[in-house]
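Listed below, chain by chain, are the residues.
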Amino acid sequence: AQSVTQLDSHVSVSEGTPVLLRCNYSSSYSPSLFWYVQHPNKGLQLLLKYTSAATLVKGINGFEAEFKKSETSFHLTKPSAHMSDAAEYFCVVSVSGNTPLVFGKGTRLSVIA
Amino acid sequence: DAGVIQSPRHEVTEMGQEVTLRCKPISGHNSLFWYRQTMMRGLELLIYFNNNVPIDDSGMPEDRFSAKMPNASFSTLKIQPSEPRDSAVYFCASSPTVLRSYNEQFFGPGTRLTVL
Chain A
510 AQSVTQLDSH VSVSEGTPVL LRCNYSSSYS PSLFWYVQHP NKGLQLLLKY
560 TSAATLVKGI NGFEAEFKKS ETSFHLTKPS AHMSDAAEYF CVVSVSGNTP
610 LVFGKGTRLS VIA
Chain B
14 DAGVIQSPRH EVTEMGQEVT LRCKPISGHN SLFWYRQTMM RGLELLIYFN
64 NNVPIDDSGM PEDRFSAKMP NASFSTLKIQ PSEPRDSAVY FCASSPTVLR
114 SYNEQFFGPG TRLTVL
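As given, the protein sequences belong to chains A and B, one line each in that order. Numbering-wise, this note's numbering puts 529 at position 20 of the first sequence, and it's gapless, one number per residue. Numbering-wise, this note's numbering puts 105 at position 92 of the second sequence, and it's gapless, one number per residue.
Hints are computed from structural coordinates only; laboratory data are not their basis. Built from N, CA and C at the ideal position, the CB exists for glycine as well. One thing to keep in mind: the hints can contain errors.
[Stated by the list, open to error] DSS-like, lysine-lysine: derived pairs with alpha carbons at most 25 Å apart:
id, chain 1, residue 1, chain 2, residue 2
1, B, Lys37, A, Lys551
2, A, Lys567, A, Lys551
3, A, Lys578, A, Lys567
4, A, Lys551, B, Lys91
5, A, Lys567, A, Lys577
[What the hints assert, rightly or not] Here are the in silico distance ranges between beta carbons for each label pair:
id, chain 1, residue 1, chain 2, residue 2, range
6, A, Thr514, B, Arg35, 29 to 37 Å
7, A, Glu580, B, Glu27, 46 to 54 Å
8, A, Glu575, B, Asn64, 33 to 41 Å
Turn these sequences into a full structure, and let the hints steer you where they fit.
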């Protein structure tokens, strides 16, 4: 069975400083991994996805994530936080199309002016 | 494409009433998922369909909840009778194919349900 652990429930950064949201996964097979973002009172939007191609994945709004198999990690980063990045972020794993996505519990990102 | 469409966006009802939430997936998508999101429990998968057939409903809380997908372009989630603990945001999501693991899910805007 696969699972996802988001190591921080809340991260607070100052505007213009780097963002790091941590995610570790567990999977018996080669997984696909995703990061979704949810802004207040909105639905979930895909930020980026890893599908066994390049291990460094670039997404929208300047975010990127690196798949590290040896560490079973898929951390999300951004060089410089913007106020509009304040949202809830979900790390997600999928093993096969016949099983649903497995969501982490989310990390709430606060950006301080 | 209009994306996944959910209606209503907000629903306020009284305990004991029947509630029906509706979802129109993205055209051509084979899979449809219903989720519930609360502060206490986070995002929970309730049920999902592949090619209009329910595959796994183990996440449905109890018999008061039912879901149908009569055709490829429409699904409903019904709660009868509703209870205050059902208050949550209900999301519908669709995905392009059944077999390929790297197809992400596309989420609707959600229905915020309040049961008084």
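Evaluation of the provided hints:
no.	hint	verdict
1	B:Lys37 <-> A:Lys551	holds, 17 Å
2	A:Lys567 <-> A:Lys551	holds, 23 Å
3	A:Lys578 <-> A:Lys567	holds, 17 Å
4	A:Lys551 <-> B:Lys91	holds, 22 Å
5	A:Lys567 <-> A:Lys577	holds, 15 Å
6	A:Thr514 <-> B:Arg35: 29 to 37 Å	holds, 34 Å
7	A:Glu580 <-> B:Glu27: 46 to 54 Å	holds, 51 Å
8	A:Glu575 <-> B:Asn64: 33 to 41 Å	holds, 35 Å
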